[in-house]
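Once you have looked at the hints, place chain B on chain A.
Protein chains in written order, with this note's numbering: chain A, 65 to 254; chain B, 148 to 271.
For the record, the hints were derived by calculation from the structure and aren't laboratory data. Beta carbons are placed, not taken as given, at the ideal position from N, Cα and C, and that holds for glycine. One should not assume that every hint holds.
As the list claims (entries may be wrong) - Here are a few chain B residues that sit away from chain A, every Cβ distance over 12 Å (derived from the structure): (1) 156; (2) 189; (3) 222; (4) 229; (5) 235.
What the hints assert, rightly or not - One-sided and incomplete, this derived list gives chain A residues near chain B with beta-carbon spacing under 8 Å: (6) 147; (7) 151; (8) 157; (9) 159; (10) 160; (11) 194; (12) 201; (13) 209.
Stated by the list, open to error - Below, a list of computed lysine-lysine pairs in the DSS-like style, where the Cα atoms sit at most 27 Å apart: (14) A:180 <-> B:171; (15) A:225 <-> B:181; (16) A:225 <-> A:180; (17) A:164 <-> B:171; (18) A:164 <-> B:205; (19) B:265 <-> A:225; (20) A:243 <-> B:171; (21) B:265 <-> B:171; (22) B:171 <-> A:225; (23) A:164 <-> B:181; (24) B:230 <-> B:181; (25) A:164 <-> B:202; (26) A:225 <-> A:243; (27) A:225 <-> B:230; (28) A:137 <-> A:239; (29) A:233 <-> A:243; (30) A:233 <-> A:137; (31) A:233 <-> B:181.
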Amino acid sequence: MIVATTASIDSSTSTYNYVADAERNYPIFVQTSGELDSEPPYYILDKSQKGHLLGKKRELVIKRVDELGNTAKRVIGELGSVRFTNFLNYRDGWDGGTAKRLSYVSVAVFESFLAKYSDFATEPSLFLTRNGNLKLGWEDASGSSIEVEFKPDSYSYFIEKNNEEGNIKYSSVQKLTQKLQSVENVTSRV
Amino acid sequence: MSRPECSRDEDILRAVCEAHWDGKRFDTGLFANKGVSVSRLAIASFQEICTIFRKTIKAPVVTTAEINVGHLQDIGNSNVPPKILTVEEDPFDDNPAHAEIPQRISPGLAKRIINVLKLRDMVD
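Isolated chain B (complex conformation):
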């Protein structure tokens, strides 16, 4: 059963763990994967999502990365070859804002996505 897709207008957050970023570089694996987890700012506030990240992610979350769904999709569409990207609602009990990007993202495309991320420091 297919899951509803998030609107292009939505903004999503990705938790950036220590493993993905050393303060100098990002691992493209932050997005270069299949089934990347994100959280929807339309469902929970930034502060609430930070709290969820702290509770559900065991590794240190060093920062968060925000991107607009439409922007993400435009980057996919402009890839060579074009890649259709969707963000699908996937709420969990402990994270009602959870969503997933079901497509496999290549490292090259991930690098382009990472280049436009807006980093937001975690808040208490």
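Looking at chain A on its own, in the form it has when it is part of the complex:
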């Protein structure tokens, strides 16, 4: 049984709805409009790791979430890619406490974000939070820290220069990219 939730991701050309597969307990992003994308962001794996078709009329682009797309690899570099692979092996309680294993939804959100914003002033570092989310950390042109955590339903950010932290929903991602652009003073793809 597939249970739809309210979350969605909008790219410039397509809409993706996030659904939770109650039986498999996997996050799935289903493309519901627009041209099929051949590049990231989003999607699915099943137990066989082969990907599969969802829906009857549309052949979905199925991408393993345990492999990063080229944009993500370029942004985080070789070190970040190695760290991502390491994080995949973490299990619940990896910090000796209550830390969660890497969330595949967070991976999807991470790649979705990088499809919109990938021109960083410095090569970002990749972290894993104890909530199981990926997080990027880098510096703006003045050397102040910026962090963005990719949560299953939102982006959490910290901008040291403004001593500002906050949370922005998926649907308002452009607010975040504009905020980052204004701090970094660089041109992004949005």
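Relative to the frame of chain A, chain B by itself:
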């Protein structure tokens, strides 16, 4: 029931996992959280705590970070707005030196704490 607070004179250690540090930068999440775990050097030696970290933490511990409790509290007090920080005794069976910082620490404050940490390599 409230737990005893550690003295300002004490030094504490935080395990730095691979997830928190890539050799270039720290994640502010190392301290930006509520209920951050630390270990007390007044209760166990550095070497003993390293052994505990190895036994209890599944992820790779790449280094350790030391800070004095009083220094930690001074950083909190000088924050805008000031943040009262305490370190409370919280011994576990497998880590009698365990303690906790119960307050929520913001990323900005965490960054200031991280900037003064003394890194100490793990020992066998």
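Each hint, compared with the structure:
{"no.": "1", "hint": "156", "verdict": "26 Å, holds"}
{"no.": "2", "hint": "189", "verdict": "20 Å, holds"}
{"no.": "3", "hint": "222", "verdict": "15 Å, holds"}
{"no.": "4", "hint": "229", "verdict": "14 Å, holds"}
{"no.": "5", "hint": "235", "verdict": "15 Å, holds"}
{"no.": "6", "hint": "147", "verdict": "6 Å, holds"}
{"no.": "7", "hint": "151", "verdict": "7 Å, holds"}
{"no.": "8", "hint": "157", "verdict": "6 Å, holds"}
{"no.": "9", "hint": "159", "verdict": "6 Å, holds"}
{"no.": "10", "hint": "160", "verdict": "4 Å, holds"}
{"no.": "11", "hint": "194", "verdict": "7 Å, holds"}
{"no.": "12", "hint": "201", "verdict": "5 Å, holds"}
{"no.": "13", "hint": "209", "verdict": "6 Å, holds"}
{"no.": "14", "hint": "A:180 <-> B:171", "verdict": "25 Å, holds"}
{"no.": "15", "hint": "A:225 <-> B:181", "verdict": "23 Å, holds"}
{"no.": "16", "hint": "A:225 <-> A:180", "verdict": "23 Å, holds"}
{"no.": "17", "hint": "A:164 <-> B:171", "verdict": "24 Å, holds"}
{"no.": "18", "hint": "A:164 <-> B:205", "verdict": "12 Å, holds"}
{"no.": "19", "hint": "B:265 <-> A:225", "verdict": "24 Å, holds"}
{"no.": "20", "hint": "A:243 <-> B:171", "verdict": "24 Å, holds"}
{"no.": "21", "hint": "B:265 <-> B:171", "verdict": "15 Å, holds"}
{"no.": "22", "hint": "B:171 <-> A:225", "verdict": "19 Å, holds"}
{"no.": "23", "hint": "A:164 <-> B:181", "verdict": "15 Å, holds"}
{"no.": "24", "hint": "B:230 <-> B:181", "verdict": "13 Å, holds"}
{"no.": "25", "hint": "A:164 <-> B:202", "verdict": "18 Å, holds"}
{"no.": "26", "hint": "A:225 <-> A:243", "verdict": "12 Å, holds"}
{"no.": "27", "hint": "A:225 <-> B:230", "verdict": "20 Å, holds"}
{"no.": "28", "hint": "A:137 <-> A:239", "verdict": "24 Å, holds"}
{"no.": "29", "hint": "A:233 <-> A:243", "verdict": "14 Å, holds"}
{"no.": "30", "hint": "A:233 <-> A:137", "verdict": "24 Å, holds"}
{"no.": "31", "hint": "A:233 <-> B:181", "verdict": "23 Å, holds"}
In this structure, none of the earlier numbered hints is contradicted; all agree with it.
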